[in-house]
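Work out the full structure: start from the sequences and follow the hints.
For reference, the chains in residue letters:
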Amino acid sequence: MTANTTREITYLEAVREAMVQEMRLDQEVFLIGEDVGTYGGAFGVSKGMLEEFGPERIRDTPISEAAIAGAATGAALMGMRPIMEIMFMDFLTISMNQLVNAAAKMRFMFGGKCSIPMVIRAPSGSGTGAAAQHSQSLEAWFVNVPGIKVVAPSSPYDAKGLLVTAIRDNNPVLFMEHKLLYRMKGPVPEESYRIPLQSAEVKREGRDLTIVAYSIMVPRALEAAEKLAVEGIEVEVVDPRCLKPLDVDTIARSVSKTGRALIAHEAPVTGGFGGELAAVIVASEAFDYLDAPIRRLAGRDVPIPYNRTLERAAVPQVEDIVAAARALAQEGK
Amino acid sequence: MTANTTREITYLEAVREAMVQEMRLDQEVFLIGEDVGTYGGAFGVSKGMLEEFGPERIRDTPISEAAIAGAATGAALMGMRPIMEIMFMDFLTISMNQLVNAAAKMRFMFGGKCSIPMVIRAPSGSGTGAAAQHSQSLEAWFVNVPGIKVVAPSSPYDAKGLLVTAIRDNNPVLFMEHKLLYRMKGPVPEESYRIPLQSAEVKREGRDLTIVAYSIMVPRALEAAEKLAVEGIEVEVVDPRCLKPLDVDTIARSVSKTGRALIAHEAPVTGGFGGELAAVIVASEAFDYLDAPIRRLAGRDVPIPYNRTLERAAVPQVEDIVAAARALAQEGK
Amino acid sequence: MTVLTPEIETAAPPSSQRLLKELPREKLAWMLQRMCEIRYFEEKAEDLYIRGQVHGTMHLSIGQEAASVGSIATLRPEDLIIHHHRGHGHTIAKGANLTTMMAEFLGKEPGYCRGRGGSMHIADIPGGNLGATGVVGGGIPTAVGIALALQMRRTDQILLSYFGDGATNEGEFHESLNMASTWKLPVVFICDNNQYGMSMHVTKVMNIQHISERAASYGIPGQSVDGNDVLAVYEAVLAADEHARSGQGPSLIDLMSYRWRGHSKSDRNLYRTPQEIDEWKHKCPIRRFKQVLVDGGVMTRDEVEGIDQTAKTAIDHAAEEALTFPEPSPENMEAEVYAP
Amino acid sequence: MTVLTPEIETAAPPSSQRLLKELPREKLAWMLQRMCEIRYFEEKAEDLYIRGQVHGTMHLSIGQEAASVGSIATLRPEDLIIHHHRGHGHTIAKGANLTTMMAEFLGKEPGYCRGRGGSMHIADIPGGNLGATGVVGGGIPTAVGIALALQMRRTDQILLSYFGDGATNEGEFHESLNMASTWKLPVVFICDNNQYGMSMHVTKVMNIQHISERAASYGIPGQSVDGNDVLAVYEAVLAADEHARSGQGPSLIDLMSYRWRGHSKSDRNLYRTPQEIDEWKHKCPIRRFKQVLVDGGVMTRDEVEGIDQTAKTAIDHAAEEALTFPEPSPENMEAEVYAP
Ligand SMILES: Cc1ncc(C[n+]2csc(CCOP(=O)(O)OP(=O)(O)O)c2C)c(N)n1
Ligand SMILES: Cc1ncc(C[n+]2csc(CCOP(=O)(O)OP(=O)(O)O)c2C)c(N)n1
Ligand SMILES: [Mg+2]
Ligand SMILES: [Mg+2]
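Protein chains in written order, with our numbering: chain H, 194 to 526; chain U, 194 to 526; chain G, 464 to 803; chain Z, 464 to 803.
In short, the hints are calculated from the structure, not lab data. A few of these clues could be false.
Said to hold, decoys possible - Which chain G residues face chain Z? A few, computed with CB under 10 Å, are given here:
hint, residue
1, G634
2, T645
3, R750
Treat the numbers as computed from the prediction; the structure is a model and nothing was measured. Every residue gets a Cβ at the ideal spot worked out from N, C-alpha and C, and that includes glycine.
So this is what it looks like as C-alpha cells:
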C-alpha cells in the first residue's frame, strides 16, 4: 500500500487535499473550527479553502471548544459530515463532555438509532517550543472511550488516504496530525483513495526486532533503523496507523517473526497507548515467540518544557530509539 | 496493614471520617462541590458536615464543573487544601482543562515554584442503573497526565487511610470512590492514620495465579478466589490501591511467585489501565517467570447500558473472574 | 430583551383569554390530554419504581407539565426538540408512543432505545425528539449543531432546546447561546426553570432576578414567563419560534415553574419547606388549565374530566403492555457501538 | 451596570486631567517607565526572535501597554494578578525583574520558570504574579480559587484576573464570573480587549456592542473603558478594586485597545487592513501619555524622554545579561513534576 505516483506534497497538503476532494464530492462535508477561514487555520492547513467553499462550509467559530464539538456532534446527528478542527489537541480538554458523553455514546445509548459521522482533527505533539499546554499527545484518553475511533498517520500518503476514510466513516473519528509532520513531503496520488482504518503497515522489514511506532515516531524509527542497519541490526518498523480499531494481526505477526518488540510513542510512558500495545502483543500468539521483554520507549512523565533542549529530552529522539533498539536486540542473548 | 480495630463502618463513612478529621485539624482543608451542603452530597458522603463546619468550608457550588476545578486549583495554588467533589466521575469531562492544563502542569511549568495540594473526589463505576453518562471509570486518562496522582481504594480501611494521605499530599490527587463500595462495611480505626500512596497490598495470598485488581474488582476477585479455592485453585489478589505512583514491586513479586497474572478492572478493556499493568509486569523481573500470557478481564468496549442485565454484562462480575482465572490457571499447562 | 416579572397565578391572564378564543378546540384538548398523560406517566413511573420494578434513577417533572406542552404545542410536525434528564414531559408532548416510552423506562428491548438509555435518555429520532442528555447542560452544544444543520440545509424547521435553571450556570450554555446568536441559528433555548438545581435554589447560584436576563450577553430576546400557564407558554414560545424560523436567530425563554417531587429518588427535601411545596401544588398547572377551559366555555367539566380519564387509561394500558415486553440480551453489545 | 461607549482619543479626557493633579509625580513617572519598558521588552523579544535566538512562539502586546500598566498601578504591593498568553505587559507592570523575565523568555535556567515555561507562562509567585496560562480563558477559573482563598483567609488582598476579548466566549468565563459573583469574591475581571481573537474581530463572534454588557448575566458592575488612556484605565480599575476589597464582589472591566503586531509569528494579517493598523498606531498609548504629562505640566519633554531612555537601557541591559545565562539541564525532570 504505497503511493503509485511521483507527485510529492506535504503532509499538511495531503490533509487539505483529502478535505477539499471530499467537500467537492459531498455538500454535507464541512470544516468548522477557530480561524479556519481567512487565517487558513493556525498551521495553514485550510489555506485557500474559504475561497473555494465560502464561509458557510469553512466555518470560523468563536473560541468555544465545547460548542464547536457540540456543533459538530449535532450536525453529524442530523446526517451531515462535519470535520471539526481543534487548534491544538490540548484544547480537546474543553470538548471532552461533548465528545465523550454525547458524540461517542449517542448511538449506543439511543439503541443504535442514530449515527455520528464526524472527524475531529487535532494537531498534536511537541517540538515547536510551545510548552506544556500546546504540545500534548492525548490519544490514550480516546482509545479508552468506546464509540470513538483514533487515527494517527505518519506520512503524507497515509494522511490523505486515512482522512478520506475517516470522513466517510459513520462514527466520530479522532484524527491526530503531528505538528512536526506537517512539512514532511512524500508521494501522494492526486486522485482520491481510501486506506482502511484498521490496517497497520509494515513500514520497513527486518528480522531482529520490531518497533511498533505511530505518528512522529515512525520517521524517527525509520531513521533509527537505517543507523542500526549499519551495525547489522535489522529492524522491522510497524505503524498501526489507526490506534482504534487496532490491526493486532499485523503487529503480532511481526513480533512473532522478530521475537522482540519495542513500542515507541511520544505521549508520557505511564498510561500511554504503549501499555495497550504491550497488552495485546502479550495476549496474542506472539507471546510464545518473545525472546525478550517488550520494551516501551515513550515520552518522559513530565509536562512538555519550553526550553528546546529540555523539550527534545522529554520525548524519544532518533538517538534514543537507536539506543533502546540496540539494547533490546541484545537482551537475553 | 490491616485494621487493628473491631469498629466497623462503611466505605462512605470512612471517606467522610477522613475528611472530618482532617478538617478539624487544619483550617486550610475544605470541601467544595455541588450539593455537598444541605443535601449532604448526591450519595450522602458529606451528610452532617455542613452542621459541623458551616457553609464556608462545606461549600455548595453552582453546577459549573470547570469553575469548581478552577476554584480548587486556585485555592491550592494559594496553599489551601481543597477537596473538590465531582458528583459523578463522568462530569470530570467538564473539568479537564483546569485539571490537566492548570492543576497538573503549574508546578513544572512555573519551574517548581508552586505546588497544588488538592484532592478530586470522584464517584465512579456502574451498577446503579444510571446508564452511559453516570457510570464511567475514567482513571486511564489521569494516569497518562504527569502531575496528577490516582488513588482507587477498595475497602473502608483503605479509603480512610488513603484519603488522609491524599489530603496531606502536596499534589493534585484523583480519589476514585466506587459507588457500589459506598455501603461496604469493614473495620476502620477511629483515630487518624495514613496509608502511603505507592503501596500495593496483597489482599489474599495464593500460589497458582495473581489477580491484579483495584476498586470494585477487589471484593469481586476475593469472592472469586473463595470459589476457586474450593476447586483447589489458590489465587493471590493484589490491589495496587494507588494507580499512580504504582507500587510495581509488590505486583511483580506476586506474579514472579505465581507465574500467572490476570488483570481485572471495570473500565473498558481497550486502552484501560490494564494495559499499563501488563506493560509494567512484562518489563519487570516477573517476565522471566511467566508461565502463561498476561490476561485482562475488563469492561466490555461499550458505553454502560441502562438495563440491569446489560449493565451487569458490561463489566466483570464474580462469575466472570472465576471463569477467567480458572482458564488462566490451566493455560499452557 | 423583554424581562417579565411573572405573577404565577391560578387563572388565565388576558392574553391567554385571547388564545383560548383563537386556538381550535382540538388543539386545546390535545394540550390538556398531553398534560394529563405526563402527570399520569410520572405517577405510574414513580409507582413502578417504588414497587421495585425499575432499576436506576429517574427525575419526575410533576408540576411542570404546562412548560413542556405549551412549548411543544407551538411546533410543526417536522420541527425538532432536544432535551434533558427531566424529559418525560417533552417526550410525551412531542408525540411519543406511550407504550414504547414506558418500555424504555422499564429497560425493555422494544423501548425507544432498546433498553440501553432508560428514563434519562429517551430519544425518538424519527419523531423529532433528538434525545435527552443526563449531563446538565450537555444538550445545549449539540443543539447548536442540529440547528446549524437545519440552517445549512435551508429547511424551515426549528429546534427547541430544553435545559434546567441549573444548567444555565454551565459553560456550555454560554458558549452555545453565543455561537447560535452569532450565526442566527433556528433554535429556541428553553429553560425549564423549576427554581432548583437539586438542592440549590436559583437565588443561591446566581445574582440576577431572572434567567432571561442572560439573553443580554448574546444580544438575543429573553423572556421570563409563568411556566404554569400553558397558554402563556404557548404564546411566548410561538413568538420565539417565528423569530427563529424567519432567520432572526435564537431566543431564551425562561419558563418558571416548580417541581413537586424530590430531585430524584435520593432526595430528602431538606432544602425546602413542605409549605413551599404545598403552595405550588395549589398552583397545579393541570387543574388551572382545566378551570380556564371550563371558565372560558371551551369545554364542560365533564369533557375536561373525560380527557383526563382517557389519559389515565392510556398510561395504564401502556404500562401493562410494556411490562410484558422482553428484556434485551447482552450478546454482541460491542457490535452496537459503532455504525457500519 | 455601566456601559460606556468609549471614544478612543489621543488627549486626556476631563477625569484623567483630575488624576493628573491627584496622583504623585513619582507614580505617574512609574507608569510611564513601565509602559516604555513593556514596549522595549517586546521590541527586543521580537528582534531576538527574528534573529533566531528564541525557539517557540510569542504574543506581543505592543499597543496595549496602557491597559496593563493603568490597571496594575491601582494595586497594593500585596495584591495579586493572574493573566494569559499575551502577558509580558502584566508581568512588567507587576514589577518583574527584567533580566529574570528576559531569561525566561530565552528559556534559561535562571529565568522565572527555569526555562520550563517560556513567554506564554511567566509567573513570579513571590511577586504576586500567579502566572500566565496559554489556554484561552484558562486562568479565569483558577482566579476564582485564588480569590476564594483570599476571602476565606480574611485578607485585604484582591486579585486582578486578565484575559482577552476572545476568552469571553469560553464557557469557563461564564462559570467563573457567575461563581465569583455568587460568592462576592475579591477579584476584578479585566478583559484586555484588543478587538481580535486571532483573526476574529469581536463583532464576528458576539452579537453585542461591548463586552462589559456581559456583566449583566452575573449581576455585577461592568464598564468599557478607553484602554489606550492609562489614566482612564487607572480610574475604572481603582473603583473596581474598591468594590472588590470592600466585600462587594467582582466587576468586569473591558479595556478597549488594539494589538499592533500579528497574533503570533505565524500571522499574515489577512483579516485586517494596513490602514486600520496605522490608525491605531496614531493612537499610541505611550506617545499619548507622554503628551498628557507634558501638556499637564507634570514633566518636561526632556524628563519624559529621559524616562523612555532609562527604560530602553534597562531592557538592553536585561537582554544582554540574560543571553549569557546558562541553559537548564534535562536530567531529573521527572523529579520536578510532583511536590515533595
Ligand atoms: C454536568 C452535570 N453536573 C451535575 C449533574 C448532577 N445533576 C443531575 S440533575 C442536577 C440538577 C440540575 O438542575 P437543573 O438544570 O435546574 O434541572 P432540574 O433537575 O431542576 O430539572 C444535577 C446537579 C449532572 N447530571 N451533570
Ligand atoms: C482554549 C484555547 N483555544 C484556542 C487557543 C489558540 N489561541 C491562542 S490565543 C488565541 C486568541 C485569543 O484571543 P483573545 O482572548 O482575544 O486574546 P488575544 O490573543 O487577542 O490577546 C487563540 C485562538 C488557545 N490557546 N486556547
Ligand atoms: Mg431546576
Ligand atoms: Mg483579543
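Verification of the hints:
1. The beta carbon of G:G634 is positioned within 10 Å of a beta carbon in chain Z (closest approach about 2 Å), and the interface hint is therefore held.
2. Against a cut-off of 10 Å between C-beta atoms, the interface hint on G:T645 holds, since the closest Cβ of chain Z lies about 6 Å away.
3. Because the closest C-beta pair between G:R750 and chain Z is about 35 Å apart, greater than 10 Å, the hint is violated.
The structure fails hint 3 only (numbered hints given earlier).
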